[in-house]
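Please arrange chain B on chain A, whose structure you already have, making use of the hints.
Protein chains in written order, with this note's numbering: chain A, 1 to 323; chain B, 1001 to 1323.
Zero decoy hints are in this set.
Listed next, with one range per pair, are the computed distances between beta-carbon atoms:
(1) 7(A) - 1251(B): 55 to 63 Å
(2) 251(A) - 1296(B): 25 to 33 Å
(3) 1293(B) - 230(A): 35 to 43 Å
(4) 1243(B) - 247(A): 56 to 64 Å
(5) 1310(B) - 263(A): 22 to 30 Å
FYI, nobody ran anything at the bench for these hints, they're computed from the structure.
Every residue gets a Cβ at the ideal spot worked out from N, C-alpha and C, and that includes glycine.
There are 2 protein chains.
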Amino acid sequence: MARRYVPSLELIGPASDGETWAVARLISRAEAGVPEAREAIGQIYKRAGRAHVIGITGVPGSGKSTLVGKLVQRLRDDGLRVAIVAIDPSSPYSGGSILGDRIRMSDLVLDPDVFIRSMATRGAVGGMAHAALDVVDILDLAGFDKIIIETVGVGQDEVEIAKSSHTTVVVSAPGLGDEIQAIKAGILEIADIHVVSKCDRSDANRTMTDLKMMLKDGIGSALTRGWLPPVLETSSLNEEGFEELVASLDKHLTSLDGPAGVERRAQISAFRLQKAAETLLLERLRQQANYGTQTRRVSDRATDPYAAATAIVDQFSRETTHV
Amino acid sequence: MARRYVPSLELIGPASDGETWAVARLISRAEAGVPEAREAIGQIYKRAGRAHVIGITGVPGSGKSTLVGKLVQRLRDDGLRVAIVAIDPSSPYSGGSILGDRIRMSDLVLDPDVFIRSMATRGAVGGMAHAALDVVDILDLAGFDKIIIETVGVGQDEVEIAKSSHTTVVVSAPGLGDEIQAIKAGILEIADIHVVSKCDRSDANRTMTDLKMMLKDGIGSALTRGWLPPVLETSSLNEEGFEELVASLDKHLTSLDGPAGVERRAQISAFRLQKAAETLLLERLRQQANYGTQTRRVSDRATDPYAAATAIVDQFSRETTHV
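Bound-form chain A, shown alone:
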């Protein structure tokens, strides 16, 4: 019994009615970059823009997956429909989907008003950022009120995806190593809201003090467009601090009414457009460029990579003239 291939354009209607099967198929096609789906995704983009998109990021071990689970329960208590897009930290060299697996096991999965999708990091330049934001549009069309993008704050792509939300939450936690702390310092400045998780731990006070010191030193504490990022504490274990987190998310969303929101959306659009243009250009280069001869010359050190690259790019530019 072969399942009929429903053209992507025909999936828009059922997806906008919240039909899970249509949403799931559109997402799979967006993720795989199916050419047939591109027009539909373009149309969906034009109809989206209603949901509150929340980026939640933190270094490995910061407890963000557990925090997301608790936050979603709280949002469900308020009657909101919630979608989670979990960006997987695995390298392009392997499969795996640890965030997704962990969430999938929780009881949220049985709730029809919660949609969970995990996406693995892929090799393509900018490809994941694209696909993740296309998925957000599809979920927006499907009527979800809150869409959470969860990423591990390590790679540049992951950080940029977290930034491409209306409200970005950076999760810190006590008891992490030096290297992890250094990575954390690098993502603080994208935060609209700071959360110190695991505040039931005895060393949480120290983390809070350290974080406030870093913010005082000007890292991640910029007062932009009238918004000073608050520092909240949560304990997933004791279910504490989530009311404050939800209130803070709402308050930030309200702050985006007016010019601040216009500016934020313009920034996100600029990022998406740049990523899309660069990805498209590199796709064309990969399809058309002939590396063979130049690779051999570089390998023999008869020429250097820059000179060879210039020859390849010049040749590519000449050829695309005739497209």
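Relative to the frame of chain A, chain B by itself:
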């Protein structure tokens, strides 16, 4: 007293004599992507290729910085000149150089036959991979026998840099969290040599068993070109296992005599050339593309990012015709 700007081409001579001041200046220029230095770097590339380049990578907390320190001491005992290029895990949004700082504090810094340089992750696509491998060439020209590229095995760039060496070492350690383990699984397959560090710890046996199980399942254990990646144990605390590590590095280098080495070098060249071509093309796009109008239309959802990107790239292609 202004320091005279010595043209990069004039630095090649002193750098090849091992003059640290010339080496340092060339490295700074390669790292900053100074246009004036490009011809010199091209010439250096053509003269390089003698050193043994070793990539050492591992997840945060795997103890690789300490391991690198101990390994360098051992290589120095054998009378070899050693350079270390430490790629910093900080995000593009901050400065910082934790790996470098840590190494800088050790006594290796006083040894004139050890050169240490830390490089921060940058925003430019592929830019860091380029610059790091240019730095390797400069150090090769300067007569270092072993050049170690140390990276945190998290971002794609970092993993690709580690792969762009003659011998890639992946460091695992006991007692790391789930997310970290998932990231680790993703980098196992680039290993020519596996090292379990901190084998003085009581839970190291478990790590060793787990790793061997994963390798048995086919992750990172491919017998390629007659080389089966060995699994070694080290303890930086007890200074154990480093003789075996050095022997294994030598054995792998020997395995690259003949066709296996030709193939490996061709792979590295192909990677460098592709990165160089893509970076060059994106540089041209960034200089020439006019995003303004399209960004506004995307932001207003009057068009979608793909349609707008196609318009921008088509326009760019038409314009580069006249270059």
